[in-house]
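Each protein sequence line maps, in turn, to chains A and B. Counting from 1, position 36 in the first sequence corresponds to residue 347 in the numbering used here; the numbering is continuous, with no gaps. Counting from 1, position 40 in the second sequence corresponds to residue 32 in the numbering used here; the numbering is continuous, with no gaps.
To be clear, the hints were calculated from the coordinates, so they are not data collected in a lab. All of these numbers come straight from a predicted model, not from anything done at the bench. Hints are supplied without guarantee of correctness; some may be wrong.
Some chain A residues judged to face chain B by a derived CB distance under 8 angstroms, without partners named [said to hold, decoys possible]:
1. Pro319
2. His323
3. Ile326
4. Arg340
5. Met351
6. Leu354
7. Val355
8. Ala362
9. Tyr368
10. Gly398
11. Met404
12. Gly407
13. Ala432
14. Ala435
15. Trp436
Restraint ranges, calculated between C-beta atoms of paired labels, are given here [what the hints assert, rightly or not]:
16. Leu55(B) / Ala435(A): 26 to 34 angstroms
17. Pro40(B) / Gly373(A): 54 to 62 angstroms
18. Leu427(A) / Val34(B): 56 to 64 angstroms
19. Asp405(A) / Pro40(B): 35 to 43 angstroms
20. Phe106(B) / Ala441(A): 37 to 45 angstroms
Each residue gets a CB set at the ideal place from its N, CA and C atoms; glycine is no exception.
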Amino acid sequence: MATNPTRPLSPHLSIWRWGPNMLVSILHRVTGSGLATIGMIVLVWWLAAAAAGPEAYASFTGWATSWYGIVVGVGLSWAFFQHMLSGLRHFVMDIGAGYELERNKFWANMTLVGALLLTIALWAWIWWRAHG
Amino acid sequence: MTTETPLARVRGLGSAREGAHHWWIERLTSVSTLLLFIWLLVSLLRLPGLDYRAIVEWLQSPLAAVPMMLLIVSTFWHLKLGMQVVIEDYVHEDGWKYLSILVLNFLTVGAGAFALFAVLRIALGGAARG
């Protein structure tokens, strides 16, 4: 790539510290990629197992209710809520709002808190339905 | 007088008013995917159970099968657009970039078609009864 050597460059490109906005930005990509790969496989497996018959469905539910299945399920539901909330934040920023430093930071943090709370609420509900 | 073709003159100048198309469809499908996933979550939480019989009986209803098929189209379209941006940002070598996008398109269309077929099979009664 042609670069103009007279263009000013920041001499401190490597000096920065993490902020919630950066974390939420990269988490949006990470959670989106996770949902698009692992989430997609689980969704297709679930539907294909239901279409294939009771034995195939039983092997899916056997996996989904095992401890590692639950770990994947909790991870996917957290990724879904995080991607959903940071996606909603993107909608606000798409209309040009919410760029003020403090407000931007506040809502970035709120997507992190919200995703955790929604994940806990969902699994508390599932736990209550299964054992309550 | 020039021997330059019209294509040669516009090549490399960027999009012809279609530049925001990908961005716009990504937003549209994010809204539809969100609404359909809220529907799926609420429906599943309201079912008496998540066992084979409950799921199959539920998906045999048109009011479950149709939104489920819309969910598949919306979700797979959205994830295809999103993953394409990730590939474009991180795969820099042109050959690998186009190969990755090719594979992504084939995988999403293939997996989406498979999921749609599974729903149709349940909804139209081809699935084995438990």
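Checklist entry - So which of those numbered hints doesn't the model satisfy? => result As far as the earlier hints go, 1, 2, 3, 11, 12, 13, 14, 17, 18, 20 are violated by this structure, in ascending order.
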